[in-house]
Amino acid sequence: MKTYRKELWFKTETRRAFINITPQIEECLRESGIKEGLLLCNAMHITSSVFINDDEPGLHRDFECFLEKLAPEKPYDQYDHNGFEDNADAHLKRTIMGREVVVAITDGKLDFGPWEQVFYGEFDGKRRKRVLVKIIGE
Amino acid sequence: MKTYRKELWFKTETRRAFINITPQIEECLRESGIKEGLLLCNAMHITSSVFINDDEPGLHRDFECFLEKLAPEKPYDQYDHNGFEDNADAHLKRTIMGREVVVAITDGKLDFGPWEQVFYGEFDGKRRKRVLVKIIGE
Amino acid sequence: MKTYRKELWFKTETRRAFINITPQIEECLRESGIKEGLLLCNAMHITSSVFINDDEPGLHRDFECFLEKLAPEKPYDQYDHNGFEDNADAHLKRTIMGREVVVAITDGKLDFGPWEQVFYGEFDGKRRKRVLVKIIGE
Numbered sequence: 001m002k003t004y005r006k007e008l009w010f011k012t013e014t015r016r017a018f019i020n021i022t023p024q025i026e027e028c029l030r031e032s033g034i035k036e037g038l039l040l041c042n043a044m045h046i047t048s049s050v051f052i053n054d055d056e057p058g059l060h061r062d063f064e065c066f067l068e069k070l071a072p073e074k075p076y077d078q079y080d081h082n083g084f085e086d087n088a089d090a091h092l093k094r095t096i097m098g099r100e101v102v103v104a105i106t107d108g109k110l111d112f113g114p115w116e117q118v119f120y121g122e123f124d125g126k127r128r129k130r131v132l133v134k135i136i137g138e
Numbered sequence: 001m002k003t004y005r006k007e008l009w010f011k012t013e014t015r016r017a018f019i020n021i022t023p024q025i026e027e028c029l030r031e032s033g034i035k036e037g038l039l040l041c042n043a044m045h046i047t048s049s050v051f052i053n054d055d056e057p058g059l060h061r062d063f064e065c066f067l068e069k070l071a072p073e074k075p076y077d078q079y080d081h082n083g084f085e086d087n088a089d090a091h092l093k094r095t096i097m098g099r100e101v102v103v104a105i106t107d108g109k110l111d112f113g114p115w116e117q118v119f120y121g122e123f124d125g126k127r128r129k130r131v132l133v134k135i136i137g138e
Numbered sequence: 001m002k003t004y005r006k007e008l009w010f011k012t013e014t015r016r017a018f019i020n021i022t023p024q025i026e027e028c029l030r031e032s033g034i035k036e037g038l039l040l041c042n043a044m045h046i047t048s049s050v051f052i053n054d055d056e057p058g059l060h061r062d063f064e065c066f067l068e069k070l071a072p073e074k075p076y077d078q079y080d081h082n083g084f085e086d087n088a089d090a091h092l093k094r095t096i097m098g099r100e101v102v103v104a105i106t107d108g109k110l111d112f113g114p115w116e117q118v119f120y121g122e123f124d125g126k127r128r129k130r131v132l133v134k135i136i137g138e
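Quick note, the sequences are listed as chains A, B and C, same order.
Note that full-length UniProt numbering gives residue 84 to position 84 of the first sequence, counting from 1, and the numbers run on in steps of one.
Note that full-length UniProt numbering gives residue 87 to position 87 of the second sequence, counting from 1, and the numbers run on in steps of one.
Note that full-length UniProt numbering gives residue 64 to position 64 of the third sequence, counting from 1, and the numbers run on in steps of one.
Note that these hints are calculated values from the structure, not bench results.
Any given hint could turn out to be false.
To be verified - Distance windows between CB atoms, simulated:
1. A:69 to C:74: 41 to 47 Å
2. A:14 to C:108: 43 to 49 Å
3. A:130 to C:6: 26 to 32 Å
4. A:26 to B:15: 30 to 36 Å
Claimed, not checked - The calculated lysine-lysine pairs, modelled on DSSO-like cross-linking and capped at a C-alpha distance of 27 Å, are:
5. C:35 to C:2
6. C:2 to A:129
7. C:109 to A:6
8. B:129 to B:11
9. C:126 to A:2
10. A:2 to B:35
11. C:109 to B:2
12. C:35 to B:35
13. A:109 to A:69
14. A:2 to C:109
15. B:109 to C:35
16. B:69 to B:126
17. C:6 to C:126
18. A:35 to B:129
19. B:35 to A:109
20. B:126 to B:11
21. B:35 to B:6
Even glycine gets a Cβ: it sits at the ideal position worked out from N, Cα and C.
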């Protein structure tokens with residue numbers, strides 16, 4: 001069994017952002033030399049997300065509205081978590097979007113359907129944060 | 001390490017549907033001959049879902065109401081994604097229900113609690129769509 | 001390839017509760033002797049959850065409010081599932097929080113960011129229920 005590990009770093013300009021990280025993950029897979037197995041990609045922070053969906057800007061605006069409706073950022077004092085922090089909404093938004101994805105590796109490729117793309121979802125940005133890529137297989 | 005891969009195809013009669021796919025997944029596991037490991041089952045499309053819950057029709061109607069409340073299908077023009085498409089709500093619904101499940105394989109069986117069943121959740125159906133089953137182990 | 005399996009049992013005093021199970025999972029990992037691989041931890045019941053977030057009581061109260069807003073426990077008769085049962089809301093709440101987490105194992109440790117902690121989320125408690133830990137690797 002071979003294993004591979006890499007951290008990807010991100011610092012967004014805005015509090016919230018969606019970044020297509022599929023090319024970086026494909027590069028990790030090439031580096032690993034693994035042809036068959038499973039790839040785990042997860043946010044290492046609890047106010048951000050890794051998820052799979054469509055690379056379409058209109059849909060990303062719909063995600064923003066959807067998440068703001070379910071877990072609005074403001075007013076900050078609606079959340080008990082926001083004593084010394086202001087990011088309770090980011091913890092909730094990340095819960096909806098998910099922490100991680102597990103992707104099949106087949107013939108040395110991400111075994112994806114036609115439109116699957118991997119995104120980093122940032123909900124409390126403007127600082128350096130990490131995503132973990134771990135691959136096991138052979 | 002052994003690996004196994006199979007695609008399951010579905011075409012639902014309705015836009016939304018829940019299909020119990022546990023028997024097909026058990027058949028995949030038998031075919032694989034794998035006794036210990038992990039099984040990944042994921043939707044290959046970004047408007048459908050694979051999830052684990054109860055095989056109870058009342059609960060499935062509750063899921064339908066719950067999802068329609070959080071991400072209503074209509075009016076279509078409430079979503080930026082719906083320029084040439086009408087399925088933005090399906091992308092959001094699938095996000096709530098999840099893309100994938102990872103199941104432990106122990107002694108050649110799906111290592112499930114008493115009521116766990118795997119479902120395909122379709123949110124934009126009436127066309128052929130795929131689910132991926134990937135198993136690694138030995 | 002080595003594999004490891006253990007069931008963790010819980011019985012909460014209240015219908016809903018969040019329990020930090022990171023220490024038990026670290027103990028499983030030590031017992032397994034696995035240094036590199038993947039760890040799956042999932043609820044074996046469909047009205048409870050395993051998820052990763054912050055060990056902060058204010059945030060847990062925010063989760064409680066958030067979940068009660070999206071899928072309120074009462075009135076019980078708002079749900080079709082609640083013919084002979086009263087736990088439809090627990091099925092929905094667990095869907096939002098997720099069934100499982102997959103964690104990378106690196107150098108014999110849970111490969112976590114600075115604040116990641118694993119929780120058992122109970123939404124229909126006061127009875128004995130199980131969580132599965134499965135580790136594969138070497």
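Now for the hints, and whether the structure bears them out:
For the pair residue 69 of chain A and residue 74 of chain C, the beta carbons lie near 23 Å from each other, so the given range of 41 to 47 Å is not met. Taken as a hint, the range 43 to 49 Å is violated for the pair residue 14 of chain A and residue 108 of chain C, whose Cβ atoms sit roughly 38 Å apart. The given range of 26 to 32 Å is respected by residue 130 of chain A and residue 6 of chain C, whose C-beta atoms sit roughly 29 Å from each other. In this structure, residue 26 of chain A and residue 15 of chain B meet the distance hint of 30 to 36 Å, their C-beta atoms being roughly 33 Å apart.
As the CA atoms of residue 35 of chain C and residue 2 of chain C are separated by approximately 10 Å, the hinted pair is consistent with the 27 Å bound. Straight-line distance between C-alpha atoms of residue 2 of chain C and residue 129 of chain A comes to about 32 Å, which puts the hinted pair past the 27 Å bound. At roughly 15 Å between alpha-carbon atoms, residue 109 of chain C and residue 6 of chain A fall within 27 Å of each other, so this suggested pair holds. With a C-alpha separation of about 6 Å, the suggested pairing of residue 129 of chain B with residue 11 of chain B holds against the 27 Å cut-off.
Taking the CA atoms of residue 126 of chain C and residue 2 of chain A, the gap is about 43 Å. The hint is violated against a cut of 27 Å. At roughly 20 Å between alpha-carbon atoms, residue 2 of chain A and residue 35 of chain B fall within 27 Å of each other, so this suggested pair holds. Our distance criterion of 27 Å between C-alpha atoms is met by residue 109 of chain C and residue 2 of chain B, whose separation comes to about 25 Å. With a C-alpha separation of about 21 Å, the suggested pairing of residue 35 of chain C with residue 35 of chain B holds against the 27 Å cut-off.
Our distance criterion of 27 Å between C-alpha atoms is broken by residue 109 of chain A and residue 69 of chain A, whose separation comes to about 37 Å. Restraint check: the Cα-Cα separation between residue 2 of chain A and residue 109 of chain C comes to about 17 Å, which is no more than 27 Å; the hinted pair holds. For a cut-off of 27 Å, the pair hint linking residue 109 of chain B to residue 35 of chain C stands: about 25 Å separates their Cα positions. About 22 Å separates the Cα atoms of residue 69 of chain B and residue 126 of chain B, which keeps this hinted pair within 27 Å; it holds.
For the proposed pair residue 6 of chain C and residue 126 of chain C, the alpha carbon gap of about 22 Å is at most 27 Å, so the pair holds. Between residue 35 of chain A and residue 129 of chain B the CA atoms are separated by roughly 25 Å; this keeps the pair inside 27 Å, and the hint holds. For the suggested pair residue 35 of chain B and residue 109 of chain A, the alpha carbons sit about 25 Å apart, so the restraint of at most 27 Å is met. Taken as a hint, the residue 126 of chain B and residue 11 of chain B pair is honoured in the structure, with Cα atoms around 6 Å apart against an allowance of 27 Å.
At roughly 17 Å between alpha-carbon atoms, residue 35 of chain B and residue 6 of chain B fall within 27 Å of each other, so this suggested pair holds.
Checked against the numbered hints listed earlier, the structure breaks hints 1, 2, 6, 9, 13; every other hint is satisfied.
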